[in-house]
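Chemist: Sequence:
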Amino acid sequence: MHIFITGGTGFIGKALTAHLLSQGHSVTVLTRQNLSGKFPLTFCNNLTDIQNFNDTDVIINLAGEPIFDKAWTSKQKQILVDSRIKITQQLVHLINKSENPPKVFLSGSAIGIYGNTTNIATENTPCDTSFTGQLCKQWEMVASEVKNTQTRICFIRTGLVLSPQGGILKRILPIYRLGLGGKIGTGKQHWSWISLEDHIRAMLFLIEKEKCMGAFNFVAPEIITQETFNHQLATTLHRPAFFHIPTFVLKFFLKERSQLLLDNQLITPKMLLNQGFKFKHNCLKNYLNKLL
Numbered sequence: 000m001h002i003f004i005t006g007g008t009g010f011i012g013k014a015l016t017a018h019l020l021s022q023g024h025s026v027t028v029l030t031r032q033n034l035s036g037k038f039p040l041t042f043c044n045n046l047t048d049i050q051n052f053n054d055t056d057v058i059i060n061l062a063g064e065p066i067f068d069k070a071w072t073s074k075q076k077q078i079l080v081d082s083r084i085k086i087t088q089q090l091v092h093l094i095n096k097s098e099n100p101p102k103v104f105l106s107g108s109a110i111g112i113y114g115n116t117t118n119i120a121t122e123n124t125p126c127d128t129s130f131t132g133q134l135c136k137q138w139e140m141v142a143s144e145v146k147n148t149q150t151r152i153c154f155i156r157t158g159l160v161l162s163p164q165g166g167i168l169k170r171i172l173p174i175y176r177l178g179l180g181g182k183i184g185t186g187k188q189h190w191s192w193i194s195l196e197d198h199i200r201a202m203l204f205l206i207e208k209e210k211c212m213g214a215f216n217f218v219a220p221e222i223i224t225q226e227t228f229n230h231q232l233a234t235t236l237h238r239p240a241f242f243h244i245p246t247f248v249l250k251f252f253l254k255e256r257s258q259l260l261l262d263n264q265l266i267t268p269k270m271l272l273n274q275g276f277k278f279k280h281n282c283l284k285n286y287l288n289k290l291l
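At position 131 of the sequence shown (counting the first as 1) the number is 130 in numbering that gives the first Met the number 0, and the numbers step up by one without a gap.
Just to be clear, a hint being listed does not mean it is correct.
Computed list of lysine to any residue pairs in SDA-like fashion (alpha-carbon distance at most 25 Å, straight line) [unchecked claim]:
| no. | residue 1 | residue 2 |
| --- | --- | --- |
| 1 | Lys279 | Gln231 |
| 2 | Lys169 | Ala70 |
| 3 | Lys210 | Lys277 |
| 4 | Lys187 | Ile199 |
| 5 | Lys254 | Thr185 |
Keep in mind that the hints were calculated from the coordinates and are not lab data.
Just so you know, these numbers come straight off a predicted model, no measurement behind them.
All chains, please: the whole structure from these sequences, using the hints.
Modeler: Following this line, the structure appears as structure tokens:
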């Protein structure tokens, strides 16, 4: 298959691209980086260089400014929105003008769409009024403007992706290895996680299974608390983890952005399970032991 990827040089995108190439697929990555000659794939610097997607089988839209890296000023919030919405609008326009459009359009989203949950959220749970909730809602609404009925649309509502290659685990591993890990806030907030391997497997599952369309929560069936996550990571590394960052400290320094660490994320992958997807990693303890 010929697969077009936005965000292909990001944490998840790099791993996905490497896997697709290993399976013999043809991959084109949208990027402004000068990576010519470094990878055996095609690069596209700008979507304006593309006339249509007649020769593309699948589009995977993972582009977007990292949400946690910078303070949520008004300017940064607009960057977070624009980096997702504008590229998605361009992709939709090109799909709609294609006579032989891609069979599948996987478009990014996140479990932040549900906000701070009190009950278990499924794909049918209404979106939240928070910044992340409205950002994800707008992102999905733009992607859903694909008019061509030949193209299946799937929304990837990504949870906490765990891998030493990137994301939160890459950030905190050096801290935990020094024995400086600990509880965040009360530690009672639930975190919905997924292994990087299962995230990639689930994307391929949606591509291959023709009945799959709509929203899918990319989280493991096992839901843990931050306190449990802290304990299991420290135990795996054979290090103490007695430090504690109180809620008020996080809110003072991170302001609204602290919700990414403090919100309760009770999310279940109902649609993936209903479609028959089998998770390879559904026990955090076992996964960390294998990974680290």
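Chemist: Please go over all the hints and tell whether each is borne out by the structure.
Modeler: Here is how each hint holds up against the structure:
no. : hint            : in the structure
1   : Lys279 x Gln231 : holds, 19 Å
2   : Lys169 x Ala70  : holds, 20 Å
3   : Lys210 x Lys277 : holds, 16 Å
4   : Lys187 x Ile199 : violated, 29 Å
5   : Lys254 x Thr185 : holds, 17 Å
When each numbered hint is compared with the structure, a violation occurs for hint 4 only.
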